[in-house]
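One letter stands for each residue in the lines below.
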Amino acid sequence: MSEQGTMRAAAAQTPTLRQALRGARFWLVLAAIAVVVVIATLIIRGAGDAASDIELGATNPAPDGAGAVVQVLRDHGVHVVEAGSLREARRATARDSHATLLYYDPKTLLTADTLRSMRALAPSIVAIDPSFAALQALAPGVSAAGVARHSTNLPAGTGCTDASAARAGTITASGSAYRVSGDAQGCFSTGGGAWAMAQQRTDGRLVTVLGSTDLVSNQSISHAGNAALALGLLGADETLVWYLPTLADVAASGPPSLAELTPGWVTPVMVLLIATALAAAFWRGRRFGPLVVEDLPVTVRAEETMEGRARLYQRASARLRALDALRVGTITRFARRLGLPESASVSEVSDAAAALLGRDPREVRGILLDSEPGTDTELVALTDRLTALERAVTRASVPGGASASPHEATQATRTTNTTESDRPGE
Amino acid sequence: MTLSGRFVTLLALGVVPVVLLGREGNLAALVMLGWVVFCVVLGAVDALLAASPRRLAFERMLPARVRLGETVTSDLLVTNLGSRTLHGLVRDAWQPSAGAPAQRMPVAVPAGERRAVRLGLTPRRRGERRVERVTVRSRGPLGLVGRQATLLAPGRIRVLPPFASRRHLPSRLARLRELDGLTSVMVRGQGTEFDSLREYVRGDDVRSVDWRATARRGAERPDGGENLVVRTWRPERDRRVVIVIDSSRLSAARIDDEPRLDTAFESALLLAALASRAGDRVDVLAYDRRVRARVQGASGAELLSRMVDSLAVVEPELIEMDWAAVPAQVDTLTRQAALVVLLTTLDAPGSSGGLLSVLPQLTRRHTVVVASVTDPAVLAATGSRGDREQIYRAAAAERALLDVARVSAAARRLGAEVVTAAPAELPPAVADRYLALKAAGRL
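Sequences listed follow chains E and Z, in order.
Heads up: the first sequence runs through residues 250 to 675, numbered per my numbering.
Heads up: the second sequence runs through residues 1327 to 1769, numbered per my numbering.
Please note: incorrect hints may appear among the correct ones.
Going by beta-carbon spacing under 7 Å, a handful of chain Z positions derived as facing chain E [what the hints assert, rightly or not]: (1) V1342; (2) V1344; (3) L1374; (4) S1378; (5) R1381; (6) A1579.
Calculated from the structure, these hints are not laboratory results.
Bear in mind that the values here come from a model prediction, so they are computed numbers and not experimental data.
From the three backbone atoms N, C-alpha and C, an ideal C-beta is built for every residue, glycine too.
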């Protein structure tokens, strides 16, 4: 144990968790900054985003929004509640029974039934450009009269008892016009007995119908007395419910979606399987320590220069040069085999070979020196004759007629008798 | 950190409770989340309970040297300095050519104890084979999660040239002994040394009878014959042999799947073994533009061990040989006349120009042998002449042989002996040339 007490743990190369965190500090800080920036951007943009693109949206600063009038009303202490569905509108009005309800539904999402129930929500309802059905349900005494004939500087008119209208004086608003009958009254004549604004009071509930979105939209609120009218109508009560119906008001119908048909556990199981696949990838992919580096030796095949030279001959069709190389080899071996001196000339070797074989010296000389190959076929034929000649000389010069091929025999002489292996003509 | 297959299986088993319990979407998601958290917590506990892979000490028991082709055992002693028993796997990260088995070794080391991890190494390459690191993967008691660390535990083993040509040594030593004690048929003064006088036996050359010594003995034998005395000779001793191994770019070429350099080592080892037995002093130099290895002033068994040791780490360098500096290098090794054996490459005349230009300087004072490997593939190529492509190949091969022959002839004209042979035959051929020179008294 005393020996082990002196032992030191081997130096670790794998960083500990703390060292890894410290090493990655720069990137961690960078990532944190990036996350903060993204969140801040989302918050800043998200504030305007939520309802910004809805027409007459209470927070929409665009020309067709109504952010301006809502902001002014809020500044003057009016509690503006946005409602996206009838349920939210009902909840808002239930809190304060003296509330004004603004209703604008260009897509006519509400049915007649919901409209009738909406009428009971607030003592004062301002409906902007309502549909025919909405007009029927909210103010039966008011009927649509098509597009207003005049739209600029419409005077309130003497028959109008509404205080806000009187204060506004004139308005500039293009849109629908209305006729009135019974106890309903019209303000701001557009000519031809039609009015840009109509009011009807039933059961103590006042319904004001405005023919144009110009009266509240950011773009045209500042025209003539538009602002005065809007502020007067909408700011009468402490609470203003800004109700723009959305798809949430539409009762769902149609075939069930895929999500409703699948069992509830399918998505969690898929998530679990993805997690399992990740774990399996980590299990199999985790390397058992770093790779080991080793410098490998170069591998040079020695005969590559020879192969290269062969391909050069072939590409250039250097038939004579190739054949001559073979002939020089053969002649060298002949000279050695026939016991001729190194200085022997080619014709001497040729004649000696012819004499040994008892063949025509001119024929042997033709094979060894004279004939030139014109085509590849001739080259092959000449090479064959050269090889045959060499084989014959080998057989004739070896006592007992050894059957070994010329090349095996020459190989043996070349590896052992290298001192005497000088070639003629050098 | 590492995960095991068990952890993955456990995670996958979470499908069962999620399907069984989670009829509704939200509940199923909760069950799934709960299962994942359960697995992660279990894994974390397992990792915390695993022995630390860092609190380990290593020792190596390793032979310093091994011949190429032989197998040695490498023992890595793992001492657990931690407080928990280490269960896990060890990877001893040898270089690939050290020939360590690929599998990881399982270990179980109780706290404060020591265990050996034994590997069989069969190096595949000559030179220095190293190990730097040991990676330990420690498994937790549940076997779900492991901890992994890589620790420094350096070690090295020197892989020596195989010296396969030593099988040629006994026959050459026998030839050397035959040289010893021969009555000389040589003309006197050719350099073989006088050894002793002995009685004539039938078969001795009558020219080696020493008449003066015979006369001094005077007395006649009882059977009437003369008591003839002959001189005997022995090969010269204490000659210098300088082996220069060319480690330049041409030595990198592989012939018969053996680099020229390795053939040169084989030749050098055989020649050195033979020459040191014959009583000559052998110096070895591996050179290209720098001295890569040098063995000087060693003899006997020490010579061979120093040679394999210093040649083991020499690799072919991809630079041109600086022949002009070789005479000076030889002069630093010996001042007297020596047998200089150049183990190099005789190739095209262009690449051998440097060698040929310094040969006169060397041959003026020394006996020079130039040894080069020939390529059996080239010889074989001259013989196969089947089709057009093969004919061109045969022509190129003949051309290459002619180049070698021309360079060899040029070297001979400059006074050097030339030995060329296939890789397997070169070492004995060089040894035979040495014996021939020795017998001729040309050392």
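Taking the hints in turn, this is what the structure says about them:
At about 10 Å, the closest approach between the beta carbon of V1342(Z) and any beta carbon in chain E exceeds 7 Å, and the interface hint on this residue is violated. A hinted interface residue such as V1344(Z) counts as satisfied when its beta carbon comes closer than 7 Å to some beta carbon of chain E; here the least separation is about 5 Å, so the hint holds. For L1374(Z), the interface hint is violated, the least distance from its beta-carbon to any beta-carbon of chain E being 12 Å, above 7 Å. The beta carbon of S1378(Z) is not positioned within 7 Å of any beta carbon in chain E (closest approach about 9 Å), and the interface hint is therefore violated.
Satisfaction of the interface hint for R1381(Z) is found here, the shortest Cβ-Cβ separation to chain E being roughly 5 Å, below the 7 Å cut-off. At a threshold of 7 Å, the smallest CB-CB gap from A1579(Z) to chain E is about 4 Å, leaving the interface hint in force.
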